[in-house]
Amino acid sequence: MLRTLKFALLASAIAVLSPVAMADTPKDTLVIAENIDDIISLDPAEAYELSGIQVLANTYDRIMRFDPTDITKLVGGVAESQTVSDDGRTFTMKIRPNLKFASGNPVTAKDAAFSLQRVIKLNKTPVFLLSQLGWTPENVDQMVTAPDDQTLVVKIGVDFAPSLVNALLSSVVGSVVDQKTAMAHEKNGDFGYEWLKTNSAGSGAFTLKAWKPNESVVLEANPTYRGGEPAMKRVVIRHVPEPAAQRLLIEKGDTDVALNLTGDQVTSLKGNKDVTITPSPQALLYYMGMNLKQKELQDPRVRQALRYLIDYDGIVNSIMQGGAQVHQSFWASGFWAALDENPYKLDPDKAKALLKEAGYPDGFEITLDAPNSSPFTNIAQSLQATMAQGGVKVNIVPSETKALLTKYRAREHQLLLIYWGPDYMDPHTNADGFANNLDNSDAATKGKPLAWRNSWADDAVNKMTADAVRERDEAKRKQMYLDEQKKVLDDGPYAIMFQETKQVATRANVKNFIFGPSADVVYYNLTTK
Amino acid sequence: MERGKAGRMVRQLASFCLTLALTFIGLTAVTFLISRLTHIDPVLALVGDKASKDVYDQAYHAMGLDQPLVVQYAYYLKRLVSGDFGVSVLTSQPVLSDLLRVFPATFELATVAIVIGVALGIPAGVVAGARKGSWPDHLVRVVGLFGYSVPVFWLGLVGLFVFYGKLGWVSGTGRLDVFYEDVVTPRTGIILVDSALDGDWDIFRNAFSHLILPAAILGFFSLAYIARMTRSFMIGQLSQEYITTARVKGRSFWGAVWRHAFPNIMVPLITVVGLSYASLLEGAVLTETVFAWPGLGLYITRALFNGDMNAVLGGTILVGAVFIGINLVSDLLYKVFDPRLRDA
Chain A
1 MLRTLKFALL
11 ASAIAVLSPV
21 AMADTPKDTL
31 VIAENIDDII
41 SLDPAEAYEL
51 SGIQVLANTY
61 DRIMRFDPTD
71 ITKLVGGVAE
81 SQTVSDDGRT
91 FTMKIRPNLK
101 FASGNPVTAK
111 DAAFSLQRVI
121 KLNKTPVFLL
131 SQLGWTPENV
141 DQMVTAPDDQ
151 TLVVKIGVDF
161 APSLVNALLS
171 SVVGSVVDQK
181 TAMAHEKNGD
191 FGYEWLKTNS
201 AGSGAFTLKA
211 WKPNESVVLE
221 ANPTYRGGEP
231 AMKRVVIRHV
241 PEPAAQRLLI
251 EKGDTDVALN
261 LTGDQVTSLK
271 GNKDVTITPS
281 PQALLYYMGM
291 NLKQKELQDP
301 RVRQALRYLI
311 DYDGIVNSIM
321 QGGAQVHQSF
331 WASGFWAALD
341 ENPYKLDPDK
351 AKALLKEAGY
361 PDGFEITLDA
371 PNSSPFTNIA
381 QSLQATMAQG
391 GVKVNIVPSE
401 TKALLTKYRA
411 REHQLLLIYW
421 GPDYMDPHTN
431 ADGFANNLDN
441 SDAATKGKPL
451 AWRNSWADDA
461 VNKMTADAVR
471 ERDEAKRKQM
481 YLDEQKKVLD
491 DGPYAIMFQE
501 TKQVATRANV
511 KNFIFGPSAD
521 VVYYNLTTK
Chain B
1 MERGKAGRMV
11 RQLASFCLTL
21 ALTFIGLTAV
31 TFLISRLTHI
41 DPVLALVGDK
51 ASKDVYDQAY
61 HAMGLDQPLV
71 VQYAYYLKRL
81 VSGDFGVSVL
91 TSQPVLSDLL
101 RVFPATFELA
111 TVAIVIGVAL
121 GIPAGVVAGA
131 RKGSWPDHLV
141 RVVGLFGYSV
151 PVFWLGLVGL
161 FVFYGKLGWV
171 SGTGRLDVFY
181 EDVVTPRTGI
191 ILVDSALDGD
201 WDIFRNAFSH
211 LILPAAILGF
221 FSLAYIARMT
231 RSFMIGQLSQ
241 EYITTARVKG
251 RSFWGAVWRH
261 AFPNIMVPLI
271 TVVGLSYASL
281 LEGAVLTETV
291 FAWPGLGLYI
301 TRALFNGDMN
311 AVLGGTILVG
321 AVFIGINLVS
331 DLLYKVFDPR
341 LRDA
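Taken in sequence, the protein lines are chains A and B. According to the working numbering, the residues represented by the first sequence are 1 to 529, in order. According to the working numbering, the residues represented by the second sequence are 1 to 344, in order.
Next comes chain B alone, as it looks inside the complex (with noise of 0.2 Å):
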């Protein structure tokens, strides 16, 4: 019994290790391709439009780009596996040091705006999904359209011309003011986080007031979407006969309704939330733009449209990974709430 039970540990971590190589490979070898196919030439990023013939050809040469695509890719790999993911042309610092900076500006931005969606989504979408038909239903469908059709460029400007501009409610663009640059201690990257470790209050403040505009256009498009999915799922766990029995047997309706029906969602919506999250987590590149914030998002544009290959595929990877870690958190989480799983 406990020796079948080892073995199936070890199987599962086993495929589990393949799928994990083998995503990474495929995703990889696709990116790579892709970036070859572009028509932009990624050695006028370093060397720019006015460069001679001479430099030209030094710097080609120095990016490996007169090797079979074959052999640059395999290059590359084998450096990977050695934990060097190589120089970002544009930024000259290696690609895993910027990605430990700009990563840790999107996880900020991302993570507040998730609890903003799923605070706000969840109980929305439940009442929706409850009372179909009714005023608090149709206020969910207005807002979810506008999440889904209003530009996120559009709303971001229009929040910082109101808020910051009119009421002085929040702070303007960047991560922090003049004020406080370069004063907190670097720990974690999370301003929050560390300006709170630090103890300094007035950083933190700042630094939130600086976050909370971008992560609420973030959060009202995934409240948007979060809502809309949990009305469904409601909607169909509400016409279940199961209900109609724990109605039947006394439960007022709203019990029913969040302790029958509710629970019966969580799978459901786990999958919902964690994909949310995980496209927040790569980076909203528009969000990112008009907030001056220097994630993810930005980073890997801006290397896309300068043919900065070793920070496309090192940016790839890291997204890969989240959208990987959070499959792996929503599997887990999955065993939690569906009892029927756990020993599955």
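In isolation and in its complexed conformation, chain A is listed as follows (with noise of 0.2 Å):
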């Protein structure tokens, strides 16, 4: 009696001393829950994370973009215009006049030159993409130069195709950066690194205004912005790292937008009015590594043989729930030059027979390592229960995803479960990381691409990546990258699965949300509500 007494006038107090909610995010401000644990660095030399990029996507313009109202176009940033060399190595770029950075100064081609050396010079994460092109801390200060304040010289020591270098200049590390602000902060030769990891610097849609790791980041609007002043006047990103207090958050109308929505979740709000689901195909691929140091994985048969026995469709429909579609080939489905064949079904009967020419009638035990988080959890067991109708025993070993990053780039796996997204718009970025293994030994030097992982080389696939990257007629390079993912999804260690597709939940009255394929082609400037 007494504690019921109490429960009840603890309830009382609550609703006392509670305002009423309040139904609606502030007018002029677009407010995003977002899982935004990841964000370590908000310096463009340095993020690489997805919450990072998506957040300077939009503080910084770049000098090549994919246009905010058709995104599979790729067209100038802070260039105006571009004229290519007759050898392919010198891009010669008109910076767009009276382009002014969120903090008054000019925006010039001293500025951009300055942003790619700094990227070369300051050697962090993203670096790679900007080295392939031939450049080092030696002689970046030769290739990236600006004659003039409106002329960007940028020349490569490699052959690459045009298309290709522009798609590494729309890419984070195209970020301008203010040179004269980030120089008034810098400390002990650091181009002002430490300041720009949590402060910004760009001519971009928005400023940053705080980041609070893992509660926050703010933006503010630029009025100067190129492409118009944002009708936000704000954006406040809050990490909420458990999808279902989203769902309620974007129920309730305090917050206008939720990214992290599970599939159930989504299915559940499909019914309500004030809340609309935008599905939005993205870059990110689902796929198993197969590890050749196993000996039953070494015969190609195999690998077709598990390929077979993944039950695609059962995994979209029943675990997925409208959060992939089936893809098996390593270049994303809507992109330019990707592979739309999915040749593999759920067929038991053909994989025992594969299994059955390689040598195992029986099958054979093996492990699968899986991050321990949905949805690749159901996944792991899927696939558990498909394989063994093929009598592949499959043992799952759940792990978290840092600690199974460690193990895969060791390659102490057999199979292995995890996800790969591209680094830039370009074929090239995943042929180079499903295809290209140069040196297979274990002490590789050259970074650690998907297919060294999985200890597979074929130097006839090296060559194919090796000649599509410099074939400078596109229809021609176009059917190389088909070739080769033809090639790969036949013989390559992998069983490439889905391809992501994010439903991004938005109150109804929010309109023009833009979230494109990648991180990269998120723009919030065009939001009204």
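Please keep in mind that the hints were generated in silico from the structure rather than gathered at the bench. None of these values were measured; they are calculated from a predicted model. Beta carbons are placed, not taken as given, at the ideal position from N, Cα and C, and that holds for glycine. Be careful, since some hints might not be right.
As the list claims (entries may be wrong) - So the derived list for chain A, only partly shown, Cβ under 8 Å to chain B, looks like this: (1) Thr29; (2) Asp37; (3) Ser41; (4) Asn123; (5) Lys124; (6) His239; (7) Thr406.
Mind docking these for me? Both chains are given alone in their own frames, and the hints should help you get the complex.
Pasting the structure below:
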């Protein structure tokens, strides 16, 4: 009795003290609920995490950009026009006149050159995007120059197709940093790095007002943005790690956008008039790696067989629930040069025949490493069940993602379930990741591409990658990538299964929230409500 | 006489300092060792999965990982003594400023939770113990069992769903509505205090409506524990002869319970409450995740999963300090409530 009374008292105290829940977010503020625990830096020469890149896509303008109104089109950002020399190695760009940084300083070719040089000299994670152009800390001052304020000259030391070079300049390292502001905060020759980790110095649609790790990112509109002042004066990205909480927030109208809803939450929101769900196909691929250090997996027929022991449609329908579509080649559907053939289906009989041919009529036992989070746990269980139909006994080894990656990079797995997102919007990025492996020794010094991690090296495929990157004829180049995807699809050490579909939930009054196929193409400046 | 007392105090102080130093050395050494034995590559947290070998090696070297473990540890202790906790890999901020940011959030939550736990748990436990086998006793047992067995994240989500989603009595996740973000002047980092100091009662109410649900849920779990312990202490005391004596001398039953038995359970009760409070101050990872509460538990957990050593060690030291501090306060309170300990 006493307790019930106290609970009743407490409940009424809560009711009295609480204000009536506010139904809407502020009119000129866009509130986004998202898991942003991956952000470790907001310096465009260092940031390489999805949430961080999304922020940078809005705080910095880039040399090249994807058109926010047609995100399949690569257009000039601060660069207005471009000419390429006959040998394809010198790019001369005109910078748009009268552009200003948020600080008020003019945007010049010198700032653009500084920004590119800075990436190379700081030598942080995303440096590989630009260093593959043959740039080093020693030569970059000669390779990237600004003869005058309106002209940027970019020389490359390798034979790369112009479309690839432009794709690289549209990635996060193509962000143009305000040299004066950055250098005003320089410490010990760091090009303003310490300061720019938590501040912005760009000419994007917004400026960074505050980043509180694991709490929020606050952006403020930049009135001098070349695309016009954004309708939203403020963007607040709140860290909400729990998807179920995101769902409640969007239902109640306490957030305008929710970005990490799970498939079943989206399904249950379908009937809600106040919430709009927009599917957006992503470039992210879910795949299973097969390590050739494992004797059984060295036989291509065994790898084929495993690809026939996956219930692709079942997983998409029952586990992903709209969060993915079946895609089996290494370059995501919807992009230039993607191979849209999905030849594999769950077919235990075919798999058994292949395994018999390979000398495993009774199957074998193998481990599968998988992240211990949704949806990977469920996918792993489905794989375990269908593999058993072919006699392959799978033991699932769940672990935390960072621990999983550590193991993967040491090539200590047998089968491993994980995802891969491209680094820029050109098929070379994934050809380089999935197919290229020039040094298959354990002590490989040139990074750890996925082919190396799975101990798969094929000289013919390496040559395909090298040839395609050089080809300047677009149609021919496209065919080369289609051929390479086919080859990896048949023979590679992967079972590529799905392409992610982001299901973006917005309040019904929110219009033009642009969520493109990658973090580079997320724009807040056109959003109205 | 006077000198003897002073000498004893000095000795006590010295032994306390020694215990303190040994505790911290042990704490950091074990944490350091464990973190190095896990299968997480700390460089990955900084450079990510796609960095080239060159960038990776540079970071590996900069983090001092190419040094022997003992050297790394000694180097860490040396910096620690000068008050430098190092920089967190994940937040790019000094660990000390990170802790000063996340700890007030946890402190605020834990304090309100323990107040709820004590205010409801102790009376409930006393009544249950005094009236063993009665319906209030059964009720306390059921509530206690519920508190032990229900997963906190489930209760958190259901609480959010009912009180925020359906009834609208409380606010949603986070510490404040977006309206009020960055409005309050951070003095202590405890929003209830800061807004009260500013005299801004709208923000106070808003912060309270964000706080009350997670605090009530955490409070419920300590309530369950405190009530159970109070109950068994009470049963122990009520079977003592002095209670019978008091009753024979004409004390009413409840008078004997509150005036005679209750003061005698204060000392063990302080231990129980102190430990509950300390474990709340460690931060409650699951509650903080569900309620997007930027506190210590979330901070340390994320650091652990990423092998962010400086942050893990800094957090561990803080938690250690909290436990030591609460033990100290408990010791002092023992003396207040137990006259026998006053001169010891």
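Consistency of the hints with the structure:
Taking 8 Å as the C-beta contact cut-off toward chain B, the hint placing Thr29/A at the interface holds, the least distance being around 6 Å. Hint status for Asp37/A: holds, given a least beta-carbon distance of 6 Å to chain B, under 8 Å. For Ser41/A, the interface hint holds, the least distance from its beta-carbon to any beta-carbon of chain B being 6 Å, beneath 8 Å. A distance limit of 8 Å between C-beta atoms decides the matter here; for Asn123/A the minimum to chain B is near 6 Å, and the interface restraint holds.
Here the hint on Lys124/A is kept, as its CB sits about 6 Å from the closest CB of chain B, short of 8 Å. For His239/A, the suggested interface contact is upheld, since its CB lies about 6 Å from the closest CB of chain B, less than 8 Å. The beta carbon of Thr406/A comes within 4 Å of a beta carbon in chain B, closer than 8 Å, and the hint placing it at the interface holds.
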